[in-house]
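Fit chain L to the given chain C structure using the hints.
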Amino acid sequence: MNCEECHEREASLHFTKIINGEKTEFHICEHCAKEKGEFLPGSNSFSIHQLLSGLLHGDGHVPNTPSSNFIPPSLACEKCGMSYYQFAKIGRFGCDHCYKAFDSKLNPIFKRVHGGNTLHAGKIPKRAGSSIQEKKQLQQLKQAMQQYILNEEFEKAAETRDEIRGIENRLQQGRDS
Amino acid sequence: MSLERFISDAISPWMKREGPESDIVLSSRVRLARNVQQFVFPIVAQKESAYELIETVEAFLAKEKNEAEAGNLEILMMEKLKPIEKRVLVEKHLISPNLAEQAKYGAVLMNEDESVSIMLNEEDHIRIQCLAPGFQLEEVLHKANEIDDYFEKNVDYAFDEKRGYLTSCPTNVGTGLRASVMMHLPALVLTKKMSRIIPAINQLGLAVRGIYGEGTEAQGNIFQISNQMTLGKSEEDIMEDLASVVMQVIQQERAARKQLQDGLKLQLEDKLYRSLGTLENSRIIQSKEAAKCLSDVRLGIDLEILNGISKMILNELMILTQPGFLQQYAGEVLTPEERDIRRATLIRERIKLENR
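Residue numbers (the numbering used here), protein chains in the order written: chain C, 72 to 248; chain L, 19 to 374.
Treat the hints as calculated values from the structure; they're not laboratory data.
Note that CB positions come from ideal geometry on N, CA and C, so glycine has one too.
Mixed in with the good hints there might be a few duds.
To be verified - Mimicking DSS-like on lysine-lysine, the simulated pairs with C-alpha atoms at most 27 Å apart in a straight line are:
1. K180(L) - K213(C)
2. K370(L) - K150(C)
3. K171(L) - K207(C)
Stated by the list, open to error - Stretches of chain L that chain C covers, calculated by requiring three or more beta carbons in the stretch to come under 8 Å of a beta carbon on chain C:
4. 160-171
5. 175-181
6. 185-199
7. 265-272
Same shape as in the complex, but just chain C (with noise of 0.2 Å):
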């Protein structure tokens, strides 16, 4: 296919503007690109940034009750003082805490972003997180108990039980001291 512009090249980019459901075409060469601007790779082109701010000003589509979605434009974080307005057209974190200050209003965003999970799944640190290391490792012996119970293998489920009050009491006796 040649260029739209010049006629003589081939047409390299190739663009589709819908605006307000009209459809419109364009089949461009480089070179025409460059002379014309607003069809330059880069100059238009959406970064990463940009289109986490759409998703996240996209909050009030998601379907859910009307009072969750309202954000009051007081909403920030105390530790670095991003608003959630900022964050969402940025689309970064200020800091750790910010996490905490917009918790009720992540789930959605991270569920598009992640393929649906919130929830992490991956490494913990060591030092900082044994303790988090032997409560994850007690849901996990929690929920293979209940399977064991509802295979009716009990022994297993027994055995499974000694295991979780062995960390309980670990885990109480490191709050303790």
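Positioned in the frame of chain C, the structure of chain L alone reads:
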């Protein structure tokens, strides 16, 4: 400086080793994004806290210099580098364009063979990057984890039980892991299969990008496949998903190469020899044409159609013919037209170094 010396200095030592599946996979990379609990993230950080982070890292590295798993790390402060020096680091993939251009108080730590680079005060406080030649995802993750554990001994990471490692951008939260593989896929492009493979890979939650050049058009038929999701999957699962897709793409590329050799041997030979001729004879060459010809020549080497040329030529020249390196070799700032002339000269001289 002689060309041989320039190339040997310019190419990262890790790149000179050969890795598994290196006829198709050029390199494997893992990046871990980490932040330190006590500081706000770099986008809102003031000068003092940004410097404090760098000082904190420098202090514990100095203290334990001999047991650092990463070996001896050298620190480079962005503000002390010339623009052209930063550009060269970007072209070697040792730092991101963002660190070179935007980060106000950025720094990078590198080990001797440049297989480890750790960016400080980029979008996140700490970004650990490990590189290896060929298809070695497990090895690079292992290395990155070692360095991560070493850092964690000395600083408190921003970590949350529910959300994992907390990052500035919501797209990195959880594992903070971005794993990628750089692949040379000329036969899949030539047989027009790539346009069907890319959407299929996207559907599996992985991204495919041309690593050189803009948008989906990959210069030199070099594509990067990487994970998109970082939350809700373990590091091992993320790597396994990526590795299994990469293995399939390798098999597809090998099948497409065989198909070309069986069906269109003469046409293929003609194309590859012409590209070699262009590289050996051109006096002015744009990066796009150079990349295309280099890709052809590398395919010719892999298929044993072209002999007596080093496999490394594609990897080497894709890096060295970028604007930053051309200007560093010239020792001056060059216009795009001057660069096209220098590029042609550098490629001709490089091919002459081969014993043919």
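Now the hints, each set against the structure:
1. For the given pair, K180(L) sits about 18 Å from K213(C) by alpha-carbon distance, which is consistent with the 27 Å threshold.
2. Taking the CA atoms of K370(L) and K150(C), the gap is about 61 Å. The hint is violated against a cut of 27 Å.
3. Proximity of K171(L) to K207(C) is assessed by CA-CA distance (about 21 Å); at most 27 Å being required, the pair is judged to hold.
4. Counting residues of the region 160-171 of chain L whose beta carbon lies closer than 8 Å to any beta carbon of chain C gives 5, which reaches the threshold of three, so the coverage claim holds.
5. Coverage of the region 175-181 of chain L by chain C holds. Counting CB-CB distances below 8 Å, 7 residues qualify, and the rule asks for three or more.
6. Counting residues of the region 185-199 of chain L whose CB lies closer than 8 Å to any CB of chain C gives 9, so the stated coverage by that chain holds, three being the minimum.
7. Counting residues of the region 265-272 of chain L whose CB lies closer than 8 Å to any CB of chain C gives 0, which falls below the minimum of 3, so the coverage claim is violated.
The structure is inconsistent with the numbered hints 2 and 7, although it conforms to all the rest.
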